[in-house]
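Asks: Whole structure, please, built from the sequences with the hints as guidance.
Its first residue numbered 1, the sequence shown is counted upward by one per residue in the UniProt record's numbering.
These are calculated hints, taken from the structure and not from any lab test.
Among the clues, some could well be false.
Stated by the list, open to error - Simulated restraints on C-beta separations:
(1) Ile71 with Leu14: 17 to 23 Å
(2) Val7 with Lys48: 16 to 22 Å
(3) Tyr117 with Lys90: 24 to 30 Å
(4) Ala96 with Arg28: 46 to 52 Å
(5) Ala89 with Arg45: 41 to 47 Å
(6) Ser9 with Phe102: 19 to 25 Å
(7) Val7 with Leu77: 26 to 32 Å
(8) Ile38 with Arg73: 26 to 32 Å
(9) Lys121 with Leu14: 23 to 29 Å
(10) Lys90 with Ala13: 18 to 24 Å
Glycine included, each C-beta is placed from N, C-alpha and C at the ideal position.
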Amino acid sequence: MRWKRFVASVLYALNGIRIAICHERNMRIHFVATIAVIVAAAIFRVSKMEWLVLLLTIGAVMSLEIVNSAIERTVDLVTDEYRPLAKEAKDLAAGAVLMFAFISVIIGISIFFPYMYVFFKNSLHFHK
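Replies: Here's what the structure looks like:
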């Protein structure tokens, strides 16, 4: 019985991820960025620790986006008229996503810049 509940919980969670990807524009943007980061990490053969940092960062951004979407839907469910507190709740959740997305860009630059520098430096030397 516990196994069935666990499987059902996993299926509900996967459905939530599917809903986010299919219905949330920002989640699709994060998804495309995730694919680009994973491809770049594979091409540059980043270290194990860098992989872990990238995966943790990706997971955090996408998780925050899903929580943001859940908060927006909950607020919309509670009221369809304009209320300052409802707007603040939505803005706060969106701000959390934006803040971590910005930090993730800084993390990505700090990881990929040295690899890109060497790549372009070697490319320029190759053509001389």
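Asks: For the pair alanine 89 and arginine 45, does the Cβ-Cβ distance stay inside 41 to 47 Å?
Replies: holds, 43 Å
Asks: Holds or violated: 26 to 32 Å for the Cβ distance of isoleucine 38 and arginine 73?
Replies: With Cβ atoms ~28 Å apart, the hint holds.
Asks: Could you say whether the range 18 to 24 Å given as a hint is met by the Cβ separation of lysine 90 and alanine 13?
Replies: holds, 23 Å
Asks: So does alanine 96 sit 46 to 52 Å from arginine 28, Cβ to Cβ?
Replies: violated, 19 Å
Asks: Cβ-Cβ distance between serine 9 and phenylalanine 102: within 19 to 25 Å?
Replies: violated, 32 Å
Asks: Evaluate the given range 26 to 32 Å for the C-beta pair formed by valine 7 and leucine 77.
Replies: Roughly 27 Å apart at Cβ, these two residues keep to the hinted range, so it holds.
Asks: Between isoleucine 71 and leucine 14, is the Cβ distance one that fits in 17 to 23 Å?
Replies: Check passed, 20 Å falls within 17 to 23 Å.
Asks: Do the beta carbons of tyrosine 117 and lysine 90 sit within 24 to 30 Å of each other?
Replies: Since the Cβ atoms of tyrosine 117 and lysine 90 sit about 40 Å apart, the hinted range of 24 to 30 Å is violated.
Asks: Determine whether the Cβ-Cβ distance between lysine 121 and leucine 14 falls within the hinted range of 23 to 29 Å.
Replies: violated, 43 Å
Asks: Could you see if the CB distance from valine 7 to lysine 48 stays within 16 to 22 Å?
Replies: With a Cβ separation near 31 Å, valine 7 and lysine 48 fall outside 16 to 22 Å, so the hint is violated.
Hint compliance for this structure: hints 2, 3, 4, 6, 9 are not met, and every other hint is.
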